[in-house]
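Visitor: Construct the entire structure; sequences and hints are all you get.
The primary structure of each chain is shown beneath.
There are 2 protein chains.
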Amino acid sequence: MDFGINNFFDKKYKDSKIGHFQDLEHIDGLSISTVSCGLYDKKRDDLVLFYFRESANYANVYTQSKIVSENIKWNKKIKEKRIFGILINTRNANAMTGKDGYNSLKKISLNLSKLLNSKQIIDEDKPIEIKPSQILFACTGTIGEKFPENKILDNTKNLVEKIKYNQNKLIWIKAALGIMTTDTKPKLSMAECKIGGSDVKIYGIAKGSGMIFPNMATTLGFIFTDANISSSILKQILNLNIKTTFNAITCDGDTSTNDMVSIFATGKANNKEVKSLKDPKLKQFIKSVHQVMLNLAKRVASDGEGATKFVTVNCINSKTERDAKNICFSIANSPLVKTAIFGQDPNWGRIAMAIGKSGASVKLEKLSLHMGSISILNKGILDKNYNEDICSEYMKNENIEITVDLSIGSKNFTAYTMDLSKEYIEINSDYRS
Amino acid sequence: MDFGINNFFDKKYKDSKIGHFQDLEHIDGLSISTVSCGLYDKKRDDLVLFYFRESANYANVYTQSKIVSENIKWNKKIKEKRIFGILINTRNANAMTGKDGYNSLKKISLNLSKLLNSKQIIDEDKPIEIKPSQILFACTGTIGEKFPENKILDNTKNLVEKIKYNQNKLIWIKAALGIMTTDTKPKLSMAECKIGGSDVKIYGIAKGSGMIFPNMATTLGFIFTDANISSSILKQILNLNIKTTFNAITCDGDTSTNDMVSIFATGKANNKEVKSLKDPKLKQFIKSVHQVMLNLAKRVASDGEGATKFVTVNCINSKTERDAKNICFSIANSPLVKTAIFGQDPNWGRIAMAIGKSGASVKLEKLSLHMGSISILNKGILDKNYNEDICSEYMKNENIEITVDLSIGSKNFTAYTMDLSKEYIEINSDYRS
Chain W
3 MDFGINNFFD KKYKDSKIGH FQDLEHIDGL SISTVSCGLY DKKRDDLVLF YFRESANYAN
63 VYTQSKIVSE NIKWNKKIKE KRIFGILINT RNANAMTGKD GYNSLKKISL NLSKLLNSKQ
123 IIDEDKPIEI KPSQILFACT GTIGEKFPEN KILDNTKNLV EKIKYNQNKL IWIKAALGIM
183 TTDTKPKLSM AECKIGGSDV KIYGIAKGSG MIFPNMATTL GFIFTDANIS SSILKQILNL
243 NIKTTFNAIT CDGDTSTNDM VSIFATGKAN NKEVKSLKDP KLKQFIKSVH QVMLNLAKRV
303 ASDGEGATKF VTVNCINSKT ERDAKNICFS IANSPLVKTA IFGQDPNWGR IAMAIGKSGA
363 SVKLEKLSLH MGSISILNKG ILDKNYNEDI CSEYMKNENI EITVDLSIGS KNFTAYTMDL
423 SKEYIEINSD YRS
Chain A
3 MDFGINNFFD KKYKDSKIGH FQDLEHIDGL SISTVSCGLY DKKRDDLVLF YFRESANYAN
63 VYTQSKIVSE NIKWNKKIKE KRIFGILINT RNANAMTGKD GYNSLKKISL NLSKLLNSKQ
123 IIDEDKPIEI KPSQILFACT GTIGEKFPEN KILDNTKNLV EKIKYNQNKL IWIKAALGIM
183 TTDTKPKLSM AECKIGGSDV KIYGIAKGSG MIFPNMATTL GFIFTDANIS SSILKQILNL
243 NIKTTFNAIT CDGDTSTNDM VSIFATGKAN NKEVKSLKDP KLKQFIKSVH QVMLNLAKRV
303 ASDGEGATKF VTVNCINSKT ERDAKNICFS IANSPLVKTA IFGQDPNWGR IAMAIGKSGA
363 SVKLEKLSLH MGSISILNKG ILDKNYNEDI CSEYMKNENI EITVDLSIGS KNFTAYTMDL
423 SKEYIEINSD YRS
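Here the protein sequences line up with chains W and A, keeping their order. At the far end of the first sequence sits residue 435, using this note's numbering, and the numbering has no gaps. At the far end of the second sequence sits residue 435, using this note's numbering, and the numbering has no gaps.
Keep in mind the hints are simulated off the structure, nothing from the lab. Treat the hints loosely; a few may be bogus.
Because identical chains cannot be distinguished in the list, a pair is counted as satisfied if it fits within a single copy or across any two copies.
[To be verified] Lysine-lysine pairs mimicking DSBU-like chemistry, simulated, CA-CA at most 30 Å apart:
#1 Lys-83 - Lys-285
#2 Lys-171 - Lys-289
#3 Lys-424 - Lys-398
#4 Lys-365 - Lys-245
#5 Lys-424 - Lys-108
#6 Lys-109 - Lys-133
#7 Lys-81 - Lys-166
#8 Lys-45 - Lys-171
#9 Lys-75 - Lys-109
#10 Lys-116 - Lys-277
#11 Lys-386 - Lys-109
#12 Lys-68 - Lys-133
#13 Lys-79 - Lys-321
#14 Lys-75 - Lys-386
#15 Lys-75 - Lys-321
#16 Lys-424 - Lys-44
#17 Lys-424 - Lys-19
#18 Lys-368 - Lys-109
#19 Lys-166 - Lys-196
#20 Lys-68 - Lys-245
#21 Lys-148 - Lys-365
#22 Lys-285 - Lys-44
#23 Lys-424 - Lys-153
Guide: Set out below in structure tokens:
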């Protein structure tokens, strides 16, 4: 692994737009392993295993695409109450690979569960029998290429041997690096809170890039907690939080063939189990999971291919949340708006264009528009105090915030995106080479 | 005018992707004038008048945006049976300009109608009184900037003096150049046909660029014919043809604040008036108008900002036309597909991704995909004979054709777009300077 770790302590991973991530430490009940299978020409880790040696509760949300990858099909079929691990590979999406792609996962899960079972016999007093159907898969990379089954199978033994039962910040960085594709920075986030009297940890990593139009990135997010919490409540918390976090950068989850956000709970915090989402004891936890998911989602948007600026788009006082969301994404998806932001040009007319084409209910005579704290439009007309030079100065910031106030209702939405630069084209016209 | 005309006979305007346009000549009943009002820093014509001295029948289709420019509001209010002219300016969209922008059009139309009436007194035996409400406006350019009323008013006299009652290919080129914004090429097209026994001409010009995402361009199209044909039938023909021409590049007309396609008929061909769209005598004419509109629409897509390739996307054998259209636009709008085409990379997985995210009904096991005549996917799996080297060779063409065969119905759609290059970013991050 000569990819990244040596640079860990320098500024390479510092994201000045979002802030540097806090260090992640150990989560009881979780083990991590990363190896290189040679899926890339250059030497880098490309296969990551999260292993729960006493199993874990879990919940997933998936892409809404009509064409889904073979690993998503595999995961969706799993009906086990608890799972033992998730294996993540990069470089190959295992999408449009048909039965062969699916059968590869069968073989790999069989092989991996056997290896984990033998390891348990050595390591544990009372080994548990892991079934192939208790392993999830996440894949990301090129669509339509043959899945590299053999390269992965050749490395599962090494992967299992390298399992570390204790985590420190370096292994987390390695894992976050190991799931990257065109990302330039690993994405990690953490929070701690209490459930009842017990301390619980919420750690997360994510990958995602190619974010010019949010709905085209492959985004993977993995959240880990030691909380003792049922799969059913995990699922509710995931659904509750996804809309304003990963789906605020990935447009309705109407995304790539491979998108997936998962949450795993080892239960090792030994808090008393909470039976209902509405129990006040869960309030902090729900908020903390949201915080971790939002932070990861922002990191994904901020690391959009070629991004030079992080852009927050708010739409407030809309009749419906749907309208607010449509306006936010119409602006956040507009290449004309995004290139203007890249060019540091306060060309607010393009924002108005994007509002107009969104199809949302708008009363022009009530519409206000802010760039940061600068008022541009006030009730449909150019603010008397608007000074383009001041706004041009604002556009030089790394963080740009656009706020559209419709003044016709009370619903709000916020979307996150980045600017559109020449580098995006360079990256994407040459992705596979 | 040192902008373009001198280069007319060299290759500058030859579009190797669509083919050079045929020369346009005279249309009886039409007059053209172009001047420079100094709306741009550089010297170029920026104000174009099409004048019908004995008036004309007409029909328009407009942008579906919720925020429309003041000139579209003006045009929509006009209930006159026949109109006398359309004035087109560039550089300023007259959008988000409020009452001031609208009042500018009032003043300009008043001034222009007076000047035209005085000119008629000199030129004609029986002058007709032109009302301000018999003049249409088309505007294109930056949104939200004060409309340059005075610069235009200062030049209407000159514009009227320069009116040419006879057209030749040069005046048409001047007009097509005069309505351009970031376009690199003037867009002209023509067809001739018969209605009953009479020869009629159909000439058209268009402008449009910024076409990376079709639904963000400002597209203007103006069709002129000497046919004797009612406004009502013109409207029906426009509606019939727009879907597969300008709306096949501009996504449901859900476009900029200023989009507008108009057709004008002087009646000078003196054909016997046809009363119904279904009259077989109109068949040729409808087809010829379609041909002119499609050719102009393709020129707009082909001249998309920074475009190096013209891309045709077909979706065939869909359950519904809506699905076929959604798939075509999902592909044609995908920056990942478009950058791959720019990079000449046969990365068909991105096309599959775009099909999947379109939300259209797709049966993977029936899906076939062609690039030109090269079969890539056959009933959901990679074609046994697929050879990436051959496909890479195909990607070097200037014209790329993608065909998705769903094999689950009988509806088809075709969309037109271009690739996404670094130059697009350059143009759009620096549009106003």
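Visitor: Each hint needs a verdict: does it hold in this structure or not?
Guide: Outcome of the hint check:
1. Lys-83 - Lys-285: within (25 Å within a copy, 66 Å between copies)
2. Lys-171 - Lys-289: within (23 Å within a copy, 69 Å between copies)
3. Lys-424 - Lys-398: both (17 Å within a copy, 21 Å between copies)
4. Lys-365 - Lys-245: This pair counts as both: shortest intra-copy Cα distance 26 Å, inter-copy 28 Å.
5. Lys-424 - Lys-108: neither (42 Å within a copy, 43 Å between copies)
6. Lys-109 - Lys-133: within (12 Å within a copy, 80 Å between copies)
7. Lys-81 - Lys-166: within (28 Å within a copy, 78 Å between copies)
8. Lys-45 - Lys-171: Intra 21 Å, inter 62 Å, cutoff 30 Å: intra-copy only.
9. Lys-75 - Lys-109: For Lys-75 and Lys-109, only the intra-copy Cα distance (15 Å) is at most 30 Å; the inter-copy one is 65 Å.
10. Lys-116 - Lys-277: The answer is neither: 35 Å in one copy and 80 Å across copies each exceed 30 Å.
11. Lys-386 - Lys-109: between (68 Å within a copy, 24 Å between copies)
12. Lys-68 - Lys-133: within (29 Å within a copy, 56 Å between copies)
13. Lys-79 - Lys-321: Classified as between; 28 Å across copies, 39 Å inside a copy.
14. Lys-75 - Lys-386: So Lys-75 and Lys-386 pass the 30 Å test across copies only (24 Å; inside, 57 Å).
15. Lys-75 - Lys-321: between (38 Å within a copy, 25 Å between copies)
16. Lys-424 - Lys-44: Both. Shortest intra-copy (25 Å) and inter-copy (27 Å) distances satisfy the 30 Å Cα cut-off.
17. Lys-424 - Lys-19: Both, since 19 Å and 24 Å are each at most 30 Å.
18. Lys-368 - Lys-109: between (61 Å within a copy, 27 Å between copies)
19. Lys-166 - Lys-196: within (26 Å within a copy, 82 Å between copies)
20. Lys-68 - Lys-245: Both. Shortest intra-copy (19 Å) and inter-copy (26 Å) distances satisfy the 30 Å Cα cut-off.
21. Lys-148 - Lys-365: Answer is between; shortest inter-copy Cα gap is 21 Å, intra-copy 52 Å.
22. Lys-285 - Lys-44: neither (45 Å within a copy, 62 Å between copies)
23. Lys-424 - Lys-153: neither (35 Å within a copy, 36 Å between copies)
Consistency note: the structure conflicts with the earlier hints numbered 5, 10, 22 and 23.
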